[in-house]
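Chemist: Protein chains in written order, with the numbering used here: chain X, 1 to 105; chain F, 106 to 354.
Hints were generated in silico from the structure; no laboratory data involved.
In this text, all values refer to a predicted model and were calculated from it rather than measured experimentally.
A few of these clues could be false.
Ranges of calculated distance between the beta carbons of each label pair, as one might list FRET restraints [as the list claims (entries may be wrong)]:
1) F/Pro155 x X/Gly81: 38 to 46 Å
2) F/Arg236 x X/Ile93: 28 to 36 Å
3) F/Ser323 x X/Thr63: 19 to 27 Å
4) F/Val117 x X/Thr63: 40 to 48 Å
5) X/Trp79 x F/Ala211: 33 to 41 Å
6) X/Met104 x F/Lys149: 26 to 34 Å
7) X/Ile32 x F/Leu342: 18 to 26 Å
8) F/Gly237 x X/Thr100: 39 to 47 Å
9) X/Ile93 x F/Leu342: 33 to 41 Å
10) X/Thr100 x F/Thr182: 40 to 48 Å
11) X/Ile93 x F/Val315: 45 to 53 Å
12) F/Arg236 x X/Asn34: 22 to 30 Å
13) F/Pro317 x X/Trp79: 41 to 49 Å
14) X/Thr100 x F/Pro210: 46 to 54 Å
Covered stretches of chain X, going by a simulated chain F footprint (3 or more residues, C-beta under 8 Å) [unchecked claim]:
15) 9-19
16) 24-34
Glycine included, C-beta positions come from ideal geometry on N, C-alpha and C.
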Amino acid sequence: MEQNSPILYILLAILVTNLIRVLPMLLIKGPIRNTFLRSFLYYVPYVTLAVMTFPAIIETTLTPLAGVIALVVGLIAAWYGLGLFPVALICCIIVYLIDTLLPML
Amino acid sequence: MKGFDVKNESNVPLRNIAEGLRDGTPIALGYFAVAFSLGIIAKKAGLTAPLGFFSSFFTRASAGEYGVYTLVAIHATYVELIAMCLVTNLRYMLMSAALSQKLAPATSWFHRLLMACCITDEIFGISVNHRGYTPPAYTYSAALISSLFWAGGCATGIVAGGMLPTSIVAALSVALYGMFLAIIVPPARDDRNVLYALIASFLLSGICAVAPIVSQWSSGTRTILLTILISSVVAWLRPIKKRESNGTE
Chain X
1 MEQNSPILYI
11 LLAILVTNLI
21 RVLPMLLIKG
31 PIRNTFLRSF
41 LYYVPYVTLA
51 VMTFPAIIET
61 TLTPLAGVIA
71 LVVGLIAAWY
81 GLGLFPVALI
91 CCIIVYLIDT
101 LLPML
Chain F
106 MKGFDVKNES
116 NVPLRNIAEG
126 LRDGTPIALG
136 YFAVAFSLGI
146 IAKKAGLTAP
156 LGFFSSFFTR
166 ASAGEYGVYT
176 LVAIHATYVE
186 LIAMCLVTNL
196 RYMLMSAALS
206 QKLAPATSWF
216 HRLLMACCIT
226 DEIFGISVNH
236 RGYTPPAYTY
246 SAALISSLFW
256 AGGCATGIVA
266 GGMLPTSIVA
276 ALSVALYGMF
286 LAIIVPPARD
296 DRNVLYALIA
306 SFLLSGICAV
316 APIVSQWSSG
326 TRTILLTILI
336 SSVVAWLRPI
346 KKRESNGTE
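Same shape as in the complex, but just chain F (with noise of 0.2 Å):
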């Protein structure tokens, strides 16, 4: 993986498209693992495979598609949907908010709408992370490679669902985790700070799992409010100095 030293700006397309391929590609095979576990939710809920393909696709959301084809699966009203869908994305809004900064002053409302429709934890994760302006060329080459296999994951757990041994799909699902870890941990070596921040969320996280009355609400409320209150926490506490790498100003 090393030898990709770039040293030019990010102003080639080309190589903004191939720097987006080579980091969607793990993502994409991660995505792959859980995305086909989910296949197999989605079969009860009743989906076929071309729509299990479609729904990923266009909605690439771990947590939320969860959600989604559990309430499908008990004929859940409209309403009930909608709340699930916002409890269980609204991190996307944060991370929405937090890529905004990451965009050139000049780009235009068509590629902040389809950045914007890109996001995913991990696709989030490496775009926010790319040094200087994040090229939209990039975040959609990551996007279209990882959701191509999202889908794919999908379709394949409804068509194939029980045939894979669990010690494969337990250990396919930890690859997921381990790209996490992958972007989390490099800044934390350069900023006290993240460390600090991340080893509170470890720490606080672990504890909620297990605590009573928190450790029974669903994990998509248990992150939403966590990443809230240890963000604000640190936030307050070590206040960014200086524009983090975002270019000129």
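If we strip away everything but chain X, and leave its shape as in the complex, we get (with noise of 0.2 Å):
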């Protein structure tokens, strides 16, 4: 096999990913009527973002408790109505305090 280089790799890896974004935008002309997969579209998004999200905020965080906590004062924020960057900020600092000033503890 010859020598791959880094460049082919990337070219195919940014086709196949846009691939995979377009093809259902294709296949998929007007409203969908079905109600189970109407709802299971309204529900995937949701779905998704919090699996990425749990486990993960806290296995990020150099102590878990600082990802414990970050989570925490993440959903009160939210659930008060805070928008993206005000939450995130939260969470940033939150992390940025715990993990620097536990080891001090």
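Can you join these two chains into the complex? Each is in its own frame, and there are hints to help.
Modeler: Okay, structure coming up:
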């Protein structure tokens, strides 16, 4: 096998990844009538993001406690309607403070 | 962040662009942090900063790119690369199908294809939550600013790899999850079924991360399977009743 160039790998990855994105949009014409399918698609985004958030949020921080507190405070902040940026910022500050302060105790 | 109360219908392109940039900015900041750590992996695979920028700008897939760079590093076959792209990005198929329901019927094929190419977890999240039909200009502007930061973050990570303290990198990487929460929690307040779906997702995802066998699977695989399973069950038990704010019918 010839020496594989990173550029060829990357062009292939770009092609495949975007084909995956485009295909359903091309195949689905007009509104879907099937109630189950519409309900399924309605829940997909919430479920995907929830599954990706937990437990990953606890695994990325230096101490699990920082992730847990960021999750709880983030949930409360989001519940009370703070926007994307404030919630994200609050989570960052909490994690930074706990991760840097905790080892000093 | 308050005071942006938009009363008019979203048929003003400039307003859509401004809203897209506003909602895209926190995503962009989170992306920069995640892409930075991705750049450290890309460097190990032998990518230069310009190639990392190019690759990240046009791929825009966190788990997918991670998989690709690890395969490039070990000079895997092209078949393996394609399989990796399919598995790690399968959820984009579901998202594309869901987003197709949020486009105005008159939307041209050009816009449909370009909108589909914009899909990432977060851009999809804000696009599908746009009230009424999602204007393409909104998605484009949010995707553009976040993609630039994503690609810039990857290139910066390749150049400046291990220069930031780990405490800052760890704190920045949580920004993404904070954004996810801000997207999924408010609808759960209004729709009890979404709340049930979220609770089930958190519980099952937590269990699967520690359960035997399942925890050995990649997080991308678990995400796909749990999404299909939970969404199907909730859709079966709690079907939506009427059209969900999809504009006119």
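Chemist: A separate judgement is required for each hint: does it hold in the structure or not?
Modeler: Status of each hint after checking the structure:
no., hint, verdict
1, F/Pro155 x X/Gly81: 38 to 46 Å, "holds, 41 Å"
2, F/Arg236 x X/Ile93: 28 to 36 Å, "holds, 30 Å"
3, F/Ser323 x X/Thr63: 19 to 27 Å, "holds, 24 Å"
4, F/Val117 x X/Thr63: 40 to 48 Å, "holds, 47 Å"
5, X/Trp79 x F/Ala211: 33 to 41 Å, "holds, 37 Å"
6, X/Met104 x F/Lys149: 26 to 34 Å, "holds, 33 Å"
7, X/Ile32 x F/Leu342: 18 to 26 Å, "holds, 19 Å"
8, F/Gly237 x X/Thr100: 39 to 47 Å, "holds, 44 Å"
9, X/Ile93 x F/Leu342: 33 to 41 Å, "holds, 39 Å"
10, X/Thr100 x F/Thr182: 40 to 48 Å, "holds, 44 Å"
11, X/Ile93 x F/Val315: 45 to 53 Å, "violated, 29 Å"
12, F/Arg236 x X/Asn34: 22 to 30 Å, "holds, 24 Å"
13, F/Pro317 x X/Trp79: 41 to 49 Å, "violated, 34 Å"
14, X/Thr100 x F/Pro210: 46 to 54 Å, "holds, 53 Å"
15, 9-19, "holds (count 8)"
16, 24-34, "holds (count 7)"
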